[in-house]
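Protein sequences, first through last, are from chains B and W. Position one of the first sequence corresponds to residue 1 (my numbering), numbered consecutively onward. Position one of the second sequence corresponds to residue 1 (my numbering), numbered consecutively onward.
Do not rely on the hints blindly, as some may be mistaken.
As the list claims (entries may be wrong) - Chain W is faced by these chain B residues, among others (derived, beta-carbon under 8 Å):
1) L8
2) A243
3) R246
4) E247
5) V313
6) P314
7) C364
Said to hold, decoys possible - What follows is a list of derived Cβ distance ranges for each label pair:
8) P59(W) x A295(B): 37 to 43 Å
9) G92(W) x S328(B): 16 to 22 Å
10) A128(W) x R175(B): 30 to 36 Å
Read the hints as simulated data drawn from the structure, not as lab findings. We treat Cβ as the ideally placed atom computed from N, Cα and C, and that holds for glycine.
Listed here are the chains, written in short residue letters.
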Amino acid sequence: MSATERILLNGDEAIALGCLHAGVALGTGYPGTPSTEILESFSKMGGRAQWSPNEKVAFEVAIGVAYAGARALVTMKHVGLNVAADPLFTVAYTGVSGALLIVSADDPGMASSQNEQDNRHYAEAAGVPMLEPSNSQEAYDFVFAAIEISERWQTPVLLRVTTRVCHSKTVVRPRSVQVQPPAPHFVRDIPGRVMIPAYARPAHGRLRQKLAEIQAWNETSDLNRVLPGDPALGIITSGVSYAHVREAAPKASVLKLGLTYPLPLRRVAEFARGVVRCVVIDEGDPWLVDALRAAGIRVEGKPDMYRFGELNVPRVRRILEGDVSPESKPPPGKPPQLCDACQYRVVFDTLRRHNCIVAGDIGCYTLGVLPPFEAMDSCVCMGASIGVGLGLRHVLPPDEARRVVSVIGDSTFVHSGISGLVEMVYNPPPGGHVLIILDNSTTAMTGHQEHPGTGRTLDHEPTNKLVIEDLASALGVRRVHVVEPRVGSEDFERMLLECLASGELCVLIARRPCILIAKRLKELEQRHIAPKSPPASTGVAAEATCCSSAVPAGAGADRLESGI
Amino acid sequence: MTATVTNIVVAGLGGQGVLKASDVLSDALLRAGHDVKKSEVHGMAQRGGSVRSDVRYGPEVFSPMVSPGEADYLVALDSSQVDVCRHLLRQGGIVIAPDAIEAAALPNRRSLNVALTGALSVHLDLPAELWTAALHANFRQDLWAANEQAFRLGRLSQNGSAKHAST
Chain B
1 MSATERILLN GDEAIALGCL HAGVALGTGY PGTPSTEILE SFSKMGGRAQ
51 WSPNEKVAFE VAIGVAYAGA RALVTMKHVG LNVAADPLFT VAYTGVSGAL
101 LIVSADDPGM ASSQNEQDNR HYAEAAGVPM LEPSNSQEAY DFVFAAIEIS
151 ERWQTPVLLR VTTRVCHSKT VVRPRSVQVQ PPAPHFVRDI PGRVMIPAYA
201 RPAHGRLRQK LAEIQAWNET SDLNRVLPGD PALGIITSGV SYAHVREAAP
251 KASVLKLGLT YPLPLRRVAE FARGVVRCVV IDEGDPWLVD ALRAAGIRVE
301 GKPDMYRFGE LNVPRVRRIL EGDVSPESKP PPGKPPQLCD ACQYRVVFDT
351 LRRHNCIVAG DIGCYTLGVL PPFEAMDSCV CMGASIGVGL GLRHVLPPDE
401 ARRVVSVIGD STFVHSGISG LVEMVYNPPP GGHVLIILDN STTAMTGHQE
451 HPGTGRTLDH EPTNKLVIED LASALGVRRV HVVEPRVGSE DFERMLLECL
501 ASGELCVLIA RRPCILIAKR LKELEQRHIA PKSPPASTGV AAEATCCSSA
551 VPAGAGADRL ESGI
Chain W
1 MTATVTNIVV AGLGGQGVLK ASDVLSDALL RAGHDVKKSE VHGMAQRGGS
51 VRSDVRYGPE VFSPMVSPGE ADYLVALDSS QVDVCRHLLR QGGIVIAPDA
101 IEAAALPNRR SLNVALTGAL SVHLDLPAEL WTAALHANFR QDLWAANEQA
151 FRLGRLSQNG SAKHAST
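This is chain B alone, in the form it adopts within the complex (with noise of 0.2 Å):
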């Protein structure tokens, strides 16, 4: 690749880029929009690139290769940061040897997302440094950024970023020059990596005297950029924002942020004591303009109404104008709906004539929440569907709570609906509780990516597959069944109508392959046919049964043959 060329990039293929210029050794990750194409396109540009079960297992899996001295990438959306939020605190403990890049990706007004966290808070809370680009050119070059700075300080960094970083395609120039990163081996530091109180005591002295080291840098360092420009008007900012900004205003002199934890304070002071007016323009959480008055730093914020949703250059516009007038709302456009001929349309359809209470998931069948089905009374997080459900059953009463199931998909079921089964065998609701398993053989939403459920890897290759219905039985579910849902078929009502009168613990896998992917499943699944695949499992387990057009699990290629 030579210096001068030019490639149009969305942020998420610019940060896999620069992971493989900088010698990422593996990424590791969940799938989550707008994250989700970092490890696709890092495995396409041949890097090596692999799908957890979780996020908490990716961030565990990356913090091990970064302890052994190798570059290690973890990939997941905002969310998924709650769920691998118990490593990263003590990781900033521990710290690293090789790189441990983090990627956050932020979807500030919920274009794919249960809420609009703002995951700087993170930053701050777990102490990480922190980079957020503005666009693919910088999500490029920040890798490099953060790489530098996680070996030059040991420590994990962050790199924040946002729906409109991650899916916005920009021009980016890349590096000539491929680096050559360090080769692994292990270092035996059992007070520095052992987190025990007497060796965490001093870990998180080292960590605050790594902070302060950073901070100290940052005050000089080019990641933070002055444009100057009219000093009647200063504006600070970060991200995406500084896009909008450079459009809504201008003329005005800008400090844009790109190392924003730790804030080089001095600078900003400096900044803001050269402009007559300081407005921070911050996406999202009021979290910039915080940290700078709670340093003492005279700055405007932006009125409350803009917190909620995404910036734009007009919202910018009206921010500086300080103009709350209530903003004009575009017209709707069609909301999505479950694909005409999705197999859950049956199961949804089914669980609202028999006025189910439905505790819901996260995953295509999220949509069943809307006419004509309004099929789902809750949708928390990952894999709360089981404990939510199991909660209602335990309270209410029994007329309500025998018309309580839970509904999760499989890739969700395996992320951490696990533990949710188990609670439900550990404690059993008195009338027992369904627990149905959209099986779809893929995680669709976000764009049909592999999970262990489906035996292959992030690249489609074979690998150990989690039989779902032989891990409930193994877990002591007595009721474990597996049935197609299909449009004319009556089976998966009769099962679920004898699953409801039984008052026993019953998991339903409701299995049918996505529609959008069936061939290309088929494809797969002839193609790894044959000699290399791993032992596969031996069919139901023992207490398990099947409907007559179910499709038992193991059954190889054949299996998918059914119902396209």
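For this one, chain B is given, so just place chain W on it according to the hints.
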């Protein structure tokens, strides 16, 4: 500054190829030496819902999003999206709607996105070979002929009508 930036909005429904059309468009513009920014929303919106992609080009582009009232062109792959996106058009902005294309003449029902990109191309000052290169870069070789045909069909649809303003 914005006067030197051209704003294009491509809109349609999930599965129609909105993102592919804007990929071809931004690729051709990049080859012509422009600064280009393209913004889009993935994820939930793909399940049959409204999908919109903004493409902006010029000597230097800042925000990746087209502001309301500033779009020079609205390319609608589904007629239902014209009203949804009309507020984005500037005064005198041009709508390129699916009825510009004779559906029966398309080599493939799914190539409407490329045909409408062809229709748009009549209004943009880019050499023909850049469009061909962009099509080739964005489709498998066995689809080149069909897409080039759809693109030409789109170009022909704008013959004589040059610029039909519609705001």
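Starting from the hint list further up, note which numbers the structure goes against and sort them upward.
No numbers; nothing is violated.
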